[in-house]
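K.L.:
Chain by chain, the residues run as shown.
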Amino acid sequence: MFLTVIGALNEGFLQTLRLFAVTLLGAIPLGLVISFGSMSRLTPLRWLARTVVWIIRGTPLMLQLIVIFYVPGMVLEGGSPWPGGESGRFLASAIAFIINYACYFSEIYRGGIQGVPAGQQEAGLVLGMTKSQIFFRVTLLQMIKRIVPPMANEIITLVKDTSIARIISLQEVIWAGYAFMKGSHGYSGLWWPLLFTGLYYLIFNGGLTLLFAWVEKKLDYFK
Amino acid sequence: MSILEVQNIEKHFGATRVLEDISFTLAQGQALAIIGSSGSGKTTLLRCLNFLERPDQGRILVKGETLFDAADPATQREADVRKKRLHFGLVFQSFNLFPQYTALQNVTLARELLAREAPDYKANRREIHARIEAQGRALLEQMGLSDRAGHYPHQLSGGQQQRVAIARALALEPDILCFDEPTSALDPELTGEVLRVIRGLAERRTTMVIVTHEMAFARDVADQVIFMDGGVIVEQGPPGEVLEHPREERTRQFLSRYAQS
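Those protein sequences? They're chains A and B, same order as listed. Heads up, the first sequence is in my numbering, so the first residue is 1122 and it goes up one at a time. Heads up, the second sequence is in my numbering, so the first residue is 6 and it goes up one at a time.
No lab work stands behind these hints: they were computed from the structure. Some hints here could point you the wrong way.
[Stated by the list, open to error] A few chain B positions that, by computed beta-carbon distances, are all more than 12 Å from chain A: (1) Ser42; (2) Ala84; (3) Ala170; (4) Gly205.
[What the hints assert, rightly or not] Output of the computed footprint for chain A on chain B, the stretches with three or more beta carbons under 8 Å from beta carbons of chain A: (5) 90-98; (6) 115-124.
Where a beta carbon is used, it is the ideal one built from N, C-alpha and C, also for glycine.
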């Protein structure tokens, strides 16, 4: 029994990790694009970016998941565009998570970029540096230092938010733990699968916390 | 012959006229002090010289070459502005050192980035870097900071930070070094060390434009003084005239306010 449960939970947790990693890989660069859009001098572009951020931050992630997974099938001629089974559910979840987290990241980036004093840019200019030299040699690291704490917050939230993908039956770790409730063991069989589910999250987030503390310390050499 | 020639500079921010018909010349090796109350346009004038602001009217010439002419768009191309800035150095009121670099790296960074554009950079990389580092260390020594080369800005006092900023500006060997109220952000007990360094530069005949509130310092160091008020030059001449025997009523009022405080 123990091995069955652990095996199922491991599989669920692997799916959790996959969704977490894919979301980060997509949302970190997409967030930068959105943040540049929201700071653009072109008014329509700025408007578009800020409207998207408003809609995505203003509605629940769970609703966005349902919309992305079900609505295309309702409006498209050929039915749902998502591949059948777990792979389709994963793809839809990944897209919803990437868009959602990119919007949150974009606002963090914007704060980071705008938080670097204008004098830094001007000092670079009068020293004959190019715009890109100023960005990469002067501004970027100061910006990274500013965004590490809020990004750590969001990323730890992301680990736990992956459980929301259960709403479209993605077989992540909570889904795997919960599955035992419906099994022959009844409620008594639920206790330790759920306890272990909690431990997975705790241990993984513990690791992330240590990692971010290390990054913060690494960047502590300047103020 | 004058190294810097400013002709009829005018600058507006929206409907507000910040600079009006500003003209002056500066000879090689001379120090010009610009005085005036806040909002008189002194800082804007310095920013125009360093191409951080674009004047709406007028011309700026260095060594007879027209660097900027409001009437000639060919002098305003973004790609050329970067090179033109190198004629000027600027020391900011708030230092603006790069916090993630040591004092020495602050001084050498721009020089190293520029060196990469030289055609022989790849072949002589090592010597070029050694030369730039030696120059940086010599400048820090000249500023009395040889034991602070490895310190980060937040580990230095305000006066030390400003001296690093002066070394950083000197590293590019500008024709004209500009100071924007270099001691205004410092505690009173730290202004002396910065003023001493600037005085040393004046003795070495560094061409300088200094916006300052330190009247005694302006009298000692400057060869020429400009008094600005409301965006115009009210009076200019040698410090003995402008500061000791001002002709204009507005200059007298300004100076007496300073004498009282």
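K.L.:
Checking each numbered hint in turn, tell me which of them this model violates, lowest number first.
P.N.:
Hints 2, 3 not satisfied by this model.
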